[in-house]
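S.K.: Single-letter residue listing:
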Amino acid sequence: MKVVCFVEAGDDLSAQAVGFARSLGEVRAVAFDGAYQPAAWAKTLAAQDADAIVAAGSDRGNELLAHVGALVGQPVAANVTAIAGDVVTRQRWGGSLLEEARLHGSPQLLTVAPHTQPAAELGEVETLLAEDDGSPKVLERIEESSGGISLRDAKVVVSGGRGVGSAEGFAIIEELAGLLGGAVGCSRVVTSAGWRPHTDQVGQTGTKISADLYVACGISGATQHIAGAKGAKRILAINSDPEAPILAVADYAVLGDLHEIVPAISTELRRVSG
Amino acid sequence: MRILVCVKRVPITGGKMVLTADAQALETKHLGFTISPHEECAVEEAVRIVEAAGGEVVVLTLGPGEAEEQLRDCLAIGADRGILLETAGEDWDAQATAAAIVEAVRGETEAFDLLLFGNESADAGGYQVGIRVAHALGLPVVTGLKKIEPGEARVRCERDVGGARDVYEAPLPAVLTVLEGLNLPRYPSVPGRLRAKQKPLARTPVSPAGAQLEKLRLSVPAGQGKEAEILGEGAAAAPRVVALLQELGVA
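Going down the list, the sequences are from chains A and B.
Residue numbering for the first sequence follows the numbering used here, beginning at 1 and increasing consecutively.
Residue numbering for the second sequence follows the numbering used here, beginning at 1 and increasing consecutively.
None of these hints come from the bench; they were simulated from the model.
Check the hints yourself; a few may be wrong.
Here are the simulated DSS-like cross-link-like pairs (lysine-lysine), alpha carbons at most 25 Å apart as the crow flies [as the list claims (entries may be wrong)]:
| no. | chain 1 | residue 1 | chain 2 | residue 2 |
| --- | --- | --- | --- | --- |
| 1 | B | Lys16 | B | Lys226 |
| 2 | B | Lys215 | A | Lys233 |
| 3 | B | Lys29 | A | Lys233 |
| 4 | A | Lys155 | B | Lys29 |
| 5 | A | Lys43 | A | Lys2 |
| 6 | A | Lys208 | A | Lys233 |
| 7 | B | Lys29 | A | Lys208 |
| 8 | B | Lys215 | B | Lys29 |
| 9 | A | Lys208 | B | Lys226 |
| 10 | A | Lys208 | A | Lys230 |
| 11 | B | Lys16 | A | Lys230 |
| 12 | B | Lys226 | A | Lys230 |
| 13 | A | Lys155 | A | Lys43 |
| 14 | B | Lys226 | B | Lys215 |
| 15 | B | Lys16 | A | Lys208 |
| 16 | B | Lys147 | A | Lys208 |
| 17 | B | Lys16 | B | Lys215 |
| 18 | A | Lys233 | A | Lys155 |
| 19 | A | Lys208 | A | Lys155 |
All values derive from a computational prediction rather than experimental measurement.
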């Protein structure tokens, strides 16, 4: 089986996608130079001689494969975790649910769900040419002034939910995050209430974190939240409700009022670091 | 400016995924419904653009008859009229969904300047309906947007790319797919809800083509239902928490 795999240099997800693609057949890893132009790049991808076209389940990977699918009139399976013949297993609900589906037609078009496969060496990467067809492309990149530690890459994330109670209530969350050198996160309830900006939101429609430790304070643990938090190696829940769904995905829990517990942890941290 | 916003009715899933006995769907007996979060922002953005520049916001969904509820919610926050492409309640794949939307758009007497979609639906997460519609209509498309600035003939857009923003431009008419965080959607007011009941809503029955990405069955992934180690209760647990933080190498 001839497999074409779109990759981006230095991208973990591309390395995972290539590994998955090799389980399908002989892989040509391909990339593009120049400004990102999804519709034009997809035209070149669609013209490759391939039985399957694969990319990472990243923003660009999912976008490019959707263009390829539209161009060749074939279905696309996004965020696939396994494949056997023409039956794929793919993620729904940000990974909270799995779907087995038959992927009809050829070439098979699919993206690989992030962090479900080991990374592989990219090997030799062929650079393809895409002609500028006038479709939308990246005109300019504006770098953000780095305001502290990014949520996505933070080693520790201390996060607050409805239980925090107000925008001002986040002072104790910020304090603990600061002492641990971590980032502040929050649940969707919090951003919808306007207590924190959307950039702080952990979840299916917010940021998917990959911290060593996630501290969830006053967060019940809706599935859409867990979809963003489950990339953390360990979860510590601080919650007054022993029946809260977050306890079914947490490794550790402290029961009680976060307004007493969180400051007590900060005080204890200061004491031991003397 | 005439804007079409496409939305999808999805259950509010809460804390646990429970499937129907035949593993074909989520058990929704005890669940409420909403639209995908990205789409809430798409509707809000469309309403803001038309409030500022004039025009019309049309909101479209493909789904069961009950999806009228979601269209009325959108009308309550300021959309002008609704189109319900009414199914028998079964799942449609992305290709069939896009084809039905394209047909509805072609059936409109006046063209749209902007067609807004969520970047991906909350449930199926296929990441492709907006892009497929754009190709079928021969329109430019930009996806994953957290900022949209429509001008007279062009729209400038920004997409977050981990610590930076990529800037795109597209000529109008264009298809744009957006992300939550684009804006903070308003809640419907009581007068808004009353007005929504009077706004026009057209129902058109549709039947699906054979699914090319054919759902066979659903399953809940392993890893839920673990037993958290209780470190203690209240402020008294702080020393044990700090010991754990040290053990994990984060303090």
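S.K.: Against the 25 Å threshold, does the CA-CA distance of B/Lys29 and A/Lys233 hold or violate the hint?
M.R.: violated (34 Å)
S.K.: Against the 25 Å threshold, does the CA-CA distance of A/Lys208 and A/Lys155 hold or violate the hint?
M.R.: holds (13 Å)
S.K.: For a C-alpha distance cap of 25 Å, please report whether A/Lys155 and B/Lys29 respect it.
M.R.: Violated, at roughly 40 Å.
S.K.: Can the restraint linking A/Lys208 and A/Lys230 be considered satisfied, given a maximum Cα separation of 25 Å?
M.R.: holds (8 Å)
S.K.: Holds or violated: are the alpha carbons of B/Lys16 and A/Lys230 at most 25 Å from each other?
M.R.: Holds, at about 14 Å.
S.K.: CA of B/Lys147 to CA of A/Lys208, is that 25 Å or under?
M.R.: holds (20 Å)
S.K.: Could you grab the alpha-carbon distance between A/Lys155 and A/Lys43 and see if it respects the 25 Å cut-off?
M.R.: With a Cα-Cα distance of about 39 Å, the restraint between A/Lys155 and A/Lys43 is violated, given a limit of 25 Å.
S.K.: Taking only the CA atoms, is the gap from B/Lys16 to A/Lys208 under or equal to 25 Å?
M.R.: holds (19 Å)
S.K.: Check whether the Cα positions of B/Lys215 and A/Lys233 lie no farther apart than 25 Å.
M.R.: Between B/Lys215 and A/Lys233 the Cα gap is close to 31 Å, so the pair fails against 25 Å, i.e. violated.
S.K.: Between B/Lys16 and B/Lys215, does the CA-CA distance stay at or below 25 Å?
M.R.: holds (21 Å)
S.K.: Is the straight-line distance between the alpha-carbon of A/Lys233 and that of A/Lys155 25 Å or less?
M.R.: Holds: A/Lys233 and A/Lys155 sit about 10 Å apart, inside 25 Å.
S.K.: Holds or violated: are the alpha carbons of B/Lys226 and A/Lys230 at most 25 Å from each other?
M.R.: holds (13 Å)
The structure fails to meet hints 2, 3, 4, 7, 13, 14 from the earlier list, while all remaining hints are met.
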